[in-house]
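Colleague: Take any residue in the sequence shown, note its place counting from 1, add 41, and you have its number in my numbering.
Result set (EDC-like, lysine to aspartate or glutamate): computed pairs, CA atoms no more than 16 Å apart in a straight line: (1) LYS547 x ASP568; (2) LYS672 x ASP690; (3) LYS278 x GLU296; (4) LYS547 x ASP658; (5) LYS723 x GLU471; (6) LYS547 x GLU657; (7) LYS672 x GLU465.
Computed spacing ranges between beta-carbons, pair by pair: (8) ALA128 x GLU95: 20 to 30 Å; (9) GLU295 x ARG644: 48 to 58 Å; (10) GLU188 x GLU337: 55 to 65 Å; (11) PRO223 x ALA744: 32 to 42 Å; (12) GLU337 x GLU649: 32 to 42 Å; (13) GLY575 x GLU337: 40 to 50 Å.
Calculated from the structure, these hints are not laboratory results.
Think of the CB as a built atom: it goes at the ideal place given N, C-alpha and C, for glycine as much as any other residue.
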Amino acid sequence: MSTDCDHCGSDRHNHSCHHGGDDGGHGEPARGGRYDLVPANYRGPVYTCPMHPEVRQKHHGSCPICGMALELERSAHAEVGPNPELADFTRRFWIGAVLTVPVLLLAMGPMIGLGVIREAIGQGRAQWAELVLATPVVLWCGWPFLERGWKSFASWNLNMFSLIAMGVMAAWLFSIAAVFAPGLFPAGFRDMHGHVPVYFEAAAVIVVLVLLGQVMELRAREGTGKAIRALLDLAAKTARVIRADGSEDEVPLEEIEVGDRLRVRPGEKVPVDGIVIEGRSSVDESMITGEPVPAEKTKDDPVTGATINGTGSLVIEALRVGADTMLSQIVAMVAKAQRSRAPIQKYADKVAGWFVPAVIAIAGAAFVAWAILGPDPALSYALIAAVSVLIIACPCALGLATPMSIMTATGRGAQSGVLIKNAEALERFETINTLIVDKTGTLTEGKPRLVAVMPEEGSTEKDLLRIAATLERGSEHPLAEAIVSGAQDRGLQLSDTEEFEAVTGKGVKGRVDGQRVALGNAALMRDLGIDLAGLADVADARRDEGETVMFVAIERALVGMVSVADPVKETTHGALVALHELGFRIIMATGDNERTARAIARRLGIDEVRADVLPEDKARIIRELQDQGSKVAMAGDGVNDAPALAQADVGIAMGTGADVAIESAGITLVSGNLDGIVRARKLTLTTMRNIRQNLFFALFYNALGVPVAAGILYPVLGILISPMFAAFAMSASSISVVTNSLRLRSAKI
Numbered sequence: 042m043s044t045d046c047d048h049c050g051s052d053r054h055n056h057s058c059h060h061g062g063d064d065g066g067h068g069e070p071a072r073g074g075r076y077d078l079v080p081a082n083y084r085g086p087v088y089t090c091p092m093h094p095e096v097r098q099k100h101h102g103s104c105p106i107c108g109m110a111l112e113l114e115r116s117a118h119a120e121v122g123p124n125p126e127l128a129d130f131t132r133r134f135w136i137g138a139v140l141t142v143p144v145l146l147l148a149m150g151p152m153i154g155l156g157v158i159r160e161a162i163g164q165g166r167a168q169w170a171e172l173v174l175a176t177p178v179v180l181w182c183g184w185p186f187l188e189r190g191w192k193s194f195a196s197w198n199l200n201m202f203s204l205i206a207m208g209v210m211a212a213w214l215f216s217i218a219a220v221f222a223p224g225l226f227p228a229g230f231r232d233m234h235g236h237v238p239v240y241f242e243a244a245a246v247i248v249v250l251v252l253l254g255q256v257m258e259l260r261a262r263e264g265t266g267k268a269i270r271a272l273l274d275l276a277a278k279t280a281r282v283i284r285a286d287g288s289e290d291e292v293p294l295e296e297i298e299v300g301d302r303l304r305v306r307p308g309e310k311v312p313v314d315g316i317v318i319e320g321r322s323s324v325d326e327s328m329i330t331g332e333p334v335p336a337e338k339t340k341d342d343p344v345t346g347a348t349i350n351g352t353g354s355l356v357i358e359a360l361r362v363g364a365d366t367m368l369s370q371i372v373a374m375v376a377k378a379q380r381s382r383a384p385i386q387k388y389a390d391k392v393a394g395w396f397v398p399a400v401i402a403i404a405g406a407a408f409v410a411w412a413i414l415g416p417d418p419a420l421s422y423a424l425i426a427a428v429s430v431l432i433i434a435c436p437c438a439l440g441l442a443t444p445m446s447i448m449t450a451t452g453r454g455a456q457s458g459v460l461i462k463n464a465e466a467l468e469r470f471e472t473i474n475t476l477i478v479d480k481t482g483t484l485t486e487g488k489p490r491l492v493a494v495m496p497e498e499g500s501t502e503k504d505l506l507r508i509a510a511t512l513e514r515g516s517e518h519p520l521a522e523a524i525v526s527g528a529q530d531r532g533l534q535l536s537d538t539e540e541f542e543a544v545t546g547k548g549v550k551g552r553v554d555g556q557r558v559a560l561g562n563a564a565l566m567r568d569l570g571i572d573l574a575g576l577a578d579v580a581d582a583r584r585d586e587g588e589t590v591m592f593v594a595i596e597r598a599l600v601g602m603v604s605v606a607d608p609v610k611e612t613t614h615g616a617l618v619a620l621h622e623l624g625f626r627i628i629m630a631t632g633d634n635e636r637t638a639r640a641i642a643r644r645l646g647i648d649e650v651r652a653d654v655l656p657e658d659k660a661r662i663i664r665e666l667q668d669q670g671s672k673v674a675m676a677g678d679g680v681n682d683a684p685a686l687a688q689a690d691v692g693i694a695m696g697t698g699a700d701v702a703i704e705s706a707g708i709t710l711v712s713g714n715l716d717g718i719v720r721a722r723k724l725t726l727t728t729m730r731n732i733r734q735n736l737f738f739a740l741f742y743n744a745l746g747v748p749v750a751a752g753i754l755y756p757v758l759g760i761l762i763s764p765m766f767a768a769f770a771m772s773a774s775s776i777s778v779v780t781n782s783l784r785l786r787s788a789k790i
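Take the sequences, apply the hints, and build the full model.
Modeller: Here you go:
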């Protein structure tokens, strides 16, 4: 007995199949059920629906909810080959077109002066010829649509293929009956000559036009994945490994392991993420960060895979390979974001939920109205109107409106160094009116430098700096690194620290050379009962210049100060001006002294300052602003920013920062500069405008097309559109939505 699932074909013993009702049976999926058919340990290709990302399976096929062709979930190592659905539909389209042309000539010839063809072979033979030519078009070329339509009724997941299948089969079955048993039809179906008309040409043309629409749509949908394919193409295919004996070999990238030494020659791509251990060069990182200026790289500088080396030669040590590289993570994040659903999609889902049943009801009402009120042959007119309503009202355009824009926009963002974690973050960012930024690493370079050592009487600069650096060597804070580097640059020999303790938001304490030493801000000194009156004016003067001042105390006696400055990034001022123009209120929240923070804020034109802020205070500040009605985004890069990033309506992580910050954020800026927020905002505004345009096109089209197809214009203008025109209009609406979405690929952000 087969162990394969009857619906999806997957091995029942290797996954938890969710096709069926509450009892976990293996019938057709119930509405609202789960459709993830991929085991957790599966590592092969996975296919998903762009409209319903919860649908995932191991083989190509159609979505059990909407009937659309599934697409390959792309990863940095996925082999992206030709789309089998596109190849199949293209073949069916051309065969169908060849068979449909003579059917059209036989059926429509008398209307365009070619009635001689029908007269030559006779009415009866002409109908049989249409039957022979149109039947393979309907039953073979249109089989995918009929199969999906049947499944939609079996599972009651009504969709566009429900309407197509009903329309095509109604026209074809009616015509079959008219050929084999014309005597069964009442007078209301007969023309003035007593013949029962056939609609083989309508059924065949509908199939061919829907196939044409699907082919064009599939080709356009492939365009949404160009951004990911472009990212995948950035990766180097080989790397030059330096062996232990000094020899060098060119090997496939898959063979590189962490710790390998690699040579990157001028003009070559950096193969993996690593660190420079020898050489000097400039590296073009624009394809990853969006920044056009090459970055200078020397010993101990990090390099990123897929970036392009300049004129120098580098030797690097591989630190991250395979799926761990930044490029792989970017591809994974973009692919995941493309499969996510924006909140605005729920409105389209609600409409689609009742839309198909409503259309079927309208088609039935149109048939009845024409049968009762229409001219002779009334029942034939009734059939034409009903089929036209079913075909023209296919909700494909409505379903595509949001996911096509999201897929294109997230890819466009990735090309500019803006990574969108999910569609919800993209939509929410449009409404943000308040931006909270951290100072260190966000506004500034995050690489502070020691600028002054100011000992009190009885102490020397060397002694003060040596003690301060010895104590700070146990801290990972950027300010500590600046002090330690400053001492090392002066050639000072550091001692060991005992009983080291970091006081969050205040400083550090410990024992150096047997003495109790404390280094930190005024709050730490107050906690220790140390009077700062003698140095207050000097400290304030330094802070007014934007420097961070730290006090040093030995055995609870103040012995001096050290001052550190963190240069503001070159891009910060211009980015803040642009952010103000985009409507943001900008607040700086920092653990730095208020005087220092305000000095930097004045220089940069920041609206509000929250200084002396502890990590837990940032999340509290965000909650307070949200309670006041503000929509808040938080931009940060440190571990201590993670709670605030999670609390914000949208968290923005600097890609140069900590992994936990990136995980907590909805948007990641690869370059770590604020101008990435400008690009993210412009992308969001453009994308949401594009989605609303798509929804308008889809809804306006159906609001206009359904009544016209039902015949509302016939009493006034004598217009009743044919099912063939309805099929063309339906395909055109879907293509217009996809084409409009693809405009985002060239959006200026």
